[in-house]
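A.B. asks: Here the structure of chain A is known, so what remains is to put chain B in place on it, guided by the hints.
There are 2 protein chains.
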Amino acid sequence: MTERCVFCEGEGGRTVWRDARCRVVVADEAFPGFCRVIWKAHVREMTDLDAIDRDHLMRVVWATEAALRARVAPDKMNLASLGNVTPHLHWHVVPRFTDDSHFPQPVWGARQRDAAPRALPPDFADDLARDLRRAIDGA
Amino acid sequence: MTERCVFCEGEGGRTVWRDARCRVVVADEAFPGFCRVIWKAHVREMTDLDAIDRDHLMRVVWATEAALRARVAPDKMNLASLGNVTPHLHWHVVPRFTDDSHFPQPVWGARQRDAAPRALPPDFADDLARDLRRAIDGA
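For the record, the sequence lines run as chains A and B. The opening residue of the first sequence carries number 691 in this note's numbering; numbering runs sequentially from there. The opening residue of the second sequence carries number 691 in this note's numbering; numbering runs sequentially from there.
So that you can see chain A by itself, here it is in the shape it has in the complex:
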C-alpha cells in the first residue's frame, strides 16, 4: 500500500473467523449483524485476484450470508464491495430489516425513519464464529 490503510493497520471489527487469506469481522455499525469479509493483502479489485482466490473469498462471503440469515432472519441480505474510501478489497454483508433506519435504501443511502437497532443476543459473535468454523473449516 502507498497510503495508510485501516484494513492493513487494524482488524476492522471483531474478528470471528480468519485464515491465511481473509477474515470475517463483525463491524461496529448501527446495523446489527453487519459483517465484513476482508481480504488480507492490500488488493484493490476482485478482478485483481486470480480465480482461485476469488472463489475462496466468495465462499467465505456465502458462508457469512448463510450464517447471518440463520442467526438473525433478515428480511433481505445486502452484499457490496465498494472500496471508494478504503480501496482494500472487502465485502459488506448486511442483514436488512424492513423497519430498519434506512430500508429500502442501502445503508449508505438516506435515512428513512427513526429506528433503534434491534438487539442481538449477547453471544451473537461467538455463535457466528462457531457457525463459520463449521461451515468453512468443517470444524
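Calculated directly from the structure, the hints in this document are not laboratory data. Keep in mind the model is a prediction, meaning the values are calculated, not measured. Some clues are possibly wrong.
Since the list gives no way to pick out one identical chain from another, each pair is judged satisfied if it fits inside one copy or across any two copies.
[Said to hold, decoys possible] The calculated lysine to any residue pairs, modelled on SDA-like cross-linking and capped at a C-alpha distance of 20 Å, are:
hint : residue 1 : residue 2
1    : Lys730    : Phe814
2    : Lys766    : Gly828
3    : Lys766    : Ala731
4    : Lys766    : Trp798
5    : Lys730    : Gly799
6    : Lys766    : Glu701
7    : Lys766    : Arg820
8    : Lys766    : Leu739
9    : Lys766    : Thr776
10   : Lys766    : Cys695
11   : Lys730    : Pro811
C.D. replies: Quick look at chain B alone, frame taken from chain A:
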C-alpha cells in the same frame, strides 16, 4: 413471484449478453457503463442458489467487471447485490471515477458535486457485448 417484478417483466436495460440462466444489461443510469447482471429466475438471495449457479453468476459478474475495466478504465469498481426494492437477484457492476457526481459515496449515497456523466463511445454496448461473448463463451 408473488408481485409484479421489473426483472421478470422486462429486460432492465440494453441486454449485451445472455444465456439460459442470466443476462448482462447496460443500465439506463447517470453513471456511464453501469451494468447489471440479472439472474433469470425470480430468486431472492445468493444463498438461495446452489453452489454451481452461484459460481456461474459470479463468473459473469467478474467478466463484466473485467470488460468494464478494460473499456472505461474507472478509478474504482463498485459491486453490489441489494434487492431491497426489487428482490430479484441482480448485481450492480458500476465503474466509478473520482470526479463523478457521487464519488466517494456509493451511487445510492449523497451527491457530492455537479458533474456531467462522461461520454462513452457510441459503440460501447456493442463492444462490451463482443468482450463478454469472448470472455464467457470463448466466441
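A.B. asks: State for each hint whether it applies.
C.D. replies: Against the structure, the hints come out as follows:
For the homomeric pair Lys730 and Phe814, neither the shortest alpha-carbon distance inside one copy (24 Å) nor that between copies (35 Å) is at most 20 Å. For the identical chains of this complex, Lys766 and Gly828 are neighbours neither inside a copy (27 Å) nor across copies (35 Å), given an alpha-carbon limit of 20 Å. With identical chains, the CA atoms of Lys766 and Ala731 are at most 20 Å apart between copies only, with a shortest distance of 17 Å across copies and 30 Å within one. Taking identical chains as interchangeable, the C-alpha atoms of Lys766 and Trp798 lie at most 20 Å apart whether they share a chain (16 Å) or sit on different chains (17 Å).
Taking identical chains as interchangeable, the C-alpha atoms of Lys730 and Gly799 are never at most 20 Å apart, the minima being 28 Å within one chain and 27 Å between chains. For the homomeric pair Lys766 and Glu701, neither the shortest alpha-carbon distance inside one copy (26 Å) nor that between copies (23 Å) is at most 20 Å. Proximity of Lys766 to Arg820 under the C-alpha cut-off of 20 Å is found in neither arrangement, the shortest distances being 23 Å within a copy and 34 Å between copies. Taking the shortest Cα distances, Lys766 and Leu739 sit within 20 Å of each other only across copies (15 Å), while inside one copy they are farther apart (28 Å).
Taking CA atoms no more than 20 Å apart as the test, Lys766 paired with Thr776 passes between copies only; the shortest distance there is 11 Å, against 25 Å inside one copy. Taking identical chains as interchangeable, the C-alpha atoms of Lys766 and Cys695 lie at most 20 Å apart only when they sit on different chains, with a minimum of 16 Å there against 30 Å within one chain. Taking the shortest Cα distances, Lys730 and Pro811 never come within 20 Å of each other, neither inside one copy (29 Å) nor across copies (37 Å).
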